[in-house]
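Chains as they are written, first to last, in the UniProt record's numbering: chain C, 1 to 126; chain A, 1 to 378.
Hints listed in this document are in silico derivations from the structure and should not be mistaken for laboratory results.
What you are looking at is a predicted structure, and each value in this text was computed from that prediction instead of being measured.
Built from N, CA and C at the ideal position, the CB exists for glycine as well.
Heads up, some of the hints might be wrong.
FRET-style restraints, in silico, Cβ to Cβ [claimed, not checked]:
| hint | chain 1 | residue 1 | chain 2 | residue 2 | range |
| --- | --- | --- | --- | --- | --- |
| 1 | A | N70 | C | D92 | 40 to 50 Å |
| 2 | C | K72 | A | S238 | 31 to 41 Å |
| 3 | C | K72 | A | R294 | 17 to 27 Å |
| 4 | C | Q45 | A | S314 | 36 to 46 Å |
| 5 | A | D189 | C | S90 | 18 to 28 Å |
| 6 | A | G161 | C | A85 | 34 to 44 Å |
| 7 | C | E109 | A | H296 | 50 to 60 Å |
| 8 | A | D348 | C | N88 | 30 to 40 Å |
| 9 | A | P143 | C | K89 | 48 to 58 Å |
| 10 | C | Q45 | A | G331 | 54 to 64 Å |
| 11 | A | S94 | C | S90 | 43 to 53 Å |
| 12 | C | G107 | A | T132 | 29 to 39 Å |
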Amino acid sequence: MKFCTVKQYFDDENNNNVTNGIATTVIPLPNKHLKIKANNKEMEQYEQELLRNVMPQELTKLILAANYLNFKEALDFFCRTVANAIQNKSVDYVRKFFGLESDFEPGEEEKLCKEFAWSFEGVDED
Amino acid sequence: MGDISWIGTMSLRKGKGKGKGKGKGFLSLKEEEVEEEVKEEAEGMWAGMVAELLGEIIKRVERSEEQWPNRQNVVACGCVCKRWREITRQVVRSPSPSHISAVPKITFPSCLKQPGPRHIPHQCLIKRNKKTSTFYLYLALTPSFTDKGKFLLAARRYRHGAHTGFIVSLDADDLSQGSNAYVGKLSSDFLGTNFTIYDSQPPHSGAKPSSSRSSRRFASKQISPQVPAGNFEVGQVSYKFNLLKSRGPRRMVCLFKCPLPGEASNSKSLDNINTKKPEYSMSGYTVLRNKAPRWHEHLQCWCLNFHGRVTVASVKNFQLVAIADQSQPGGKGDEETVLLQFGKVGDDTFTMDYRQPLSAFQAFAICLTSFGTKLACE
């Protein structure tokens with residue numbers, strides 16, 4: 001089942017250019033998964049290796065590719081990796097990471113600042 | 001996003017593999033036309049698809065950051081942009097289905113006005129500052145009574161003639177009605193035995209603000225014009241004293257308009273309800289009273305079982321059960337389950353444990369009345 005979307009993907013002619021890089025990253029995953037099915041730790045290590053060379057912004061492309069290929073395990077892994085990358089980071093960092101801009105009105109923005117400040121207020125430090 | 005071949009892949013996904021013919025059609029268009037069409041198609045799909053995938057990312061942030069202070073990261077997700085905010089709010093509202101009894105977690109300040117958990121109460125601490133007549137509510141992060149936890153709300157008691165009142169705020173340093181952080185207030189009658197609880201936000205669509213002097217003054221400082229400013233009456237707390245035994249336990253009755261879980265912020269759902277029913281029955285009333293303590297002949301005192309969460313005897317200590325509970329089938333309360341428990345554990349430290357249908361704000365407000373009644377003897 002994992003391979004039928006892949007087959008269509010190769011059948012469509014003009015997919016060559018940019019997505020090649022993504023394809024080489026994502027497509028070997030199912031094979032590797034089958035080989036290391038029982039051993040989760042080994043799979044984790046393989047995945048860590050894979051991502052060490054990938055730029056953070058590339059991750060969003062990987063997610064879209066995994067989604068397109070209907071590959072749930074890879075999707076879960078890439079989403080978790082992005083989640084880990086944006087945790088404990090400022091709101092501005094997250095915006096830059098995704099190339100987003102704030103579209104809140106000034107009044108809303110002020111309210112959100114207060115809300116954000118509240119989330120830091122009075123939490124016991126260890 | 002000038003990467004056209006990448007966008008090109010996205011538009012082909014639309015056909016889900018059936019796009020073979022579509023792909024060929026693409027090739028016959030001129031380059032500029034392709035670019036335009038692909039861009040339009042992709043933007044529409046990109047937005048739709050990304051929302052779902054963004055949700056997957058944010059869900060993973062939410063699930064791994066259940067406890068404060070790390071829960072700040074979920075709040076951060078809600079501050080990125082409007083779409084992120086909407087997705088984050090949805091993720092917070094619907095916890096992972098793998099949880100057996102999904103516990104609503106306090107994430108945004110708005111969660112403070114949402115009902116608490118159904119089964120295991122949220123355990124909180126209230127710290128009193130006698131000098132400044134201020135009270136601080138914290139969500140306990142450890143079982144210890146000396147660790148404060150996550151700050152939730154602050155309140156300041158004021159006396160206006162013979163009336164006692166409290167201002168409740170999200171900001172421990174700004175306890176004024178005109179502030180952005182103003183959440184609600186309480187005011188008592190002349191005797192200090194009846195308190196009215198006001199919410200700064202309408203509890204349901206169509207609610208009208210109370211017409212008091214202070215609410216008209218407040219209206220000029222409103223930040224978002226969409227939300228009507230003012231104070232909305234949402235509940236009452238009454239104390240009745242045991243006249244026969246002056247040191248006997250007092251009786252408390254609380255009346256609340258309780259939104260059902262999920263109803264509060266979604267005013268649209270009220271429109272779908274059978275319009276023949278009168279408005280007041282849609283969001284029902286919840287009536288609570290305090291559980292009567294038992295006289296312990298041997299110890300010569302009134303006793304309630306606080307299960308270790310209250311350690312100092314005080315006339316302020318209480319447990320509330322429901323006579324009427326709109327979150328239960330038939331609207332009937334079981335008069336047994338303790339929905340709010342409040343009691344002393346130190347000179348200026350009190351525990352507050354609350355659960356559905358009460359929200360943190362309502363629970364805090366009820367507990368504050370305990371500090372406001374002048375006829376209490378301790």
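- Which hint numbers does the structure go against, in order from smallest to largest? The structure conflicts with hints 1, 2, 3, 4, 5, 6, 9 and 11, although it agrees with all the remaining ones.
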